[in-house]
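Undergrad: Each chain, written out:
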Amino acid sequence: MQVQAYINGILPRSDFALETGSALLKGRETKENFERILEKETQNLISIQETSGLNYITDGQLFWHDFLRPIAQALSLHSENSNADENPVTRQIYTNTFYRKPLILQKIKNPKKPLISKDFFDIIPKNKRKAILPSPFSLVYLSDGMHRNENGTLNEDVFAELLVDAALALNEEAKRLEKDSDVSFIQFNEPCMCYANEAENFFDDINNALEAAVNGLKAITSLHLYNGDASKFFPQILKFPVKRIGIDAYSTDLSKFANNSFKKFLELGIVNSKNSLIEEPEAIAEYGKQVLKKINPEGLALVPNRPLELVPQHIAIEKIKSLAKGAELLN
Amino acid sequence: MNLPLFPTQEIGSLQKPSWRVKGLSGKANEQDIKELKEWYAKLKLHDRISDTVDVINQIKNEKNKAELFELKKKLREESQIFALKFLEQAGLDIIYDGEQTRVEMYEDPITDINGFGFKGLVRSFDVMKYRKAACIAEPLFKVPYHLDEFLFLKDKTKHELKVPITGAYTLAEWSYNEFYGKRDLKNLDIFSLFGSEKLDRGEMALALAKNVIRPNIKALVDKGAKWVQIDEPAATTYPDEVGLVVETFNESVKGLNVKASIHMCFSDYKVFFPAILEMKNCYQYAWEFANADTNKLGIDSKTRTGYKVLELFKEYDVPGIIGLGVLNVHTDSIEPAELVRDRILYASKVLGNEKIYVNPDCGLRTRKLDIAFSKLKSMAEGAELAREVCK
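Chains X and L, in that order, give the protein sequences. All the letters of the first sequence, read from the start, carry residue numbers 82 to 412 under our numbering. All the letters of the second sequence, read from the start, carry residue numbers -6 to 384 under our numbering.
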């Protein structure tokens, strides 16, 4: 089995870009200059992924202010007379990062325009282009609005309907990315299913929404579950209509997958994006070897446990190199 | 000082004035001095203008390092006085110095704790960032890092002072863990990685509470501090770790005779119940609410969407009072006094008048000073309007 390696979420902006962003906020820097820096860094991060030998390459999503923002903006998930940049600042559980909570005030309609308005796929080799979108569940669950009762609980019927609406909009975008940008790998990020108590009740709805989200796609598809123990949904997650399932090895009880029971391609989140320690390639390879032996999934990719935006950029780069080298050693 | 009904308080940071920031590096220009003069006139600090401008000009020309150090110290202290009067003039009852001597709520204490090393910048949201460190050895007390600022302030105002200090759990959660979290993946049973991060974080957080935060609070109390606000914005980061937040709070104040409160923000407060009942002698819970509220007037639950969690506070009959966030710190819009009034009246309808103190959602350091002042003034006016209704 050829073990693969790639990243799975937003990459960090450099210290310089972050300082420039801070100066922009204080009116001491121009937006044009800030964006120029982000573009240059995007090119650099693409090049690093490529030269490190990752199997699939993303554009790092440096322009994304959070992992829902461009989607919330394109789908108009905000109050009248405002925009998604003004939605409430909300903690992304399990991190000290925040997102602007989208507001779903009416049925989600496909805007008939790209959800991701700015990307850099054209500078990534064609057979390696990987795009990352939020999962339908995370998009709706992490939003406020018509699907929530006054006490904050979910209105089950409205929530289930919105899941499908969101999935259809994401599916349109995934198809567009395939057709217009030759993207060959579409990953849906799922940061809240593992901790959201309600997820189990909506399991069938989540499954249906994923089916709608991947419908008609030729690309490889995956769902990366992080921020909690993905084993609680085992073995049901194996039925999800995506080709690969990603998990966080630090918060998932891998013993549940033992004895050849993981009959799917496993994306093993072994590089820890919440720690500055750089994992040694040899250690990654050895861990991967044990996973192949004890879990024996149908396929294996080594990935970070969560998006690497949680460490400074220079550390993220070292982790990317370790990850690629770890897969190389394993092969 | 006798406090009125619905006392008003600050939460923490204020933006540092440009004459202070640029003044320290010898780069203050005419515009900065103009702003200084305008603010000092507004805050009735006329008699300090000339001395402060002198200090700023001396910094530009001073070559002697020892002299320069003293001048910079003087300018930082001046900025503390400025912030103190800023909050007094805005009409607040309980104040501090807007954290004028601190770099930022995480970086500043970490610099003064043994066992940490900085790794670089990371984003918190949008274009906001912070400098993140790793724990590389057991966290140990180095110096009482907020004592000097408190000693300077304590006889400068008749208002009650509330000293903010970043909590142990937040310092642990916001740090990387290279000490307790060091593992050799190579020789590790793959099934033993599960849950290890949580155990490591618990060890680090409790060490910080016992070895660092408690000695710091003790140093403040020994010198006369009466009220310490423990800032724990990371409290609900891991919903299953709120018990650890409670444990670190209790450890941090154990055996100390002090009014201790906790500030949390941008969190899902629901997960804090029922663990909140295990907090020992927590005087006040200062939480952010306005961020998720509507801007419409009204004291019904449909309008006050940001304040839903108050019902839980009532349901669990939590001892202690609420520090009610009534100002959204992430927007320049000035909340009208009537909106502040209605937010207070709604809260008092749920919890009763005596359970409510009034504050911004969080520190106002991301807002320009004129915006922060208008917001705080409106908050004080709104509290007064609410008092009139409740007479």
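Simulated from the structure, these hints should not be mistaken for laboratory data. Only a predicted model underlies this, so the values are computations on that prediction, with no experimental measurement involved. Check each hint, because a few of them may be wrong.
As the list claims (entries may be wrong) - Derived DSS-like pairs: lysine-lysine, alpha-carbon spacing no greater than 30 Å straight-line:
#, chain 1, residue 1, chain 2, residue 2
1, X, Lys112, L, Lys112
2, L, Lys179, X, Lys337
3, L, Lys191, X, Lys375
4, L, Lys295, X, Lys188
5, L, Lys175, X, Lys402
6, L, Lys179, X, Lys112
7, X, Lys324, L, Lys179
Undergrad: Determine for every hint whether it applies to the structure shown.
TA: Against the structure, the hints:
1. For the hint pairing X:Lys112 with L:Lys112, the CA-to-CA distance comes to about 27 Å; that is within 30 Å, so the pair holds.
2. Between the alpha carbons of L:Lys179 and X:Lys337 the distance comes to roughly 21 Å, so the proposed pair stays at or under 30 Å and holds.
3. Simply put, L:Lys191 and X:Lys375 have alpha-carbon atoms about 24 Å apart, close enough for the 30 Å limit, and the pair holds.
4. A hinted pair counts as satisfied when its Cα atoms are at most 30 Å apart, and L:Lys295 with X:Lys188 qualifies at roughly 21 Å.
5. Annotation: proposed proximity of L:Lys175 to X:Lys402 holds, straight-line Cα distance about 20 Å (limit 30 Å).
6. Straight-line distance between C-alpha atoms of L:Lys179 and X:Lys112 comes to about 45 Å, which puts the hinted pair past the 30 Å bound.
7. For a cut-off of 30 Å, the pair hint linking X:Lys324 to L:Lys179 stands: about 29 Å separates their Cα positions.
Violated hint for the displayed structure: number 6, the only one.
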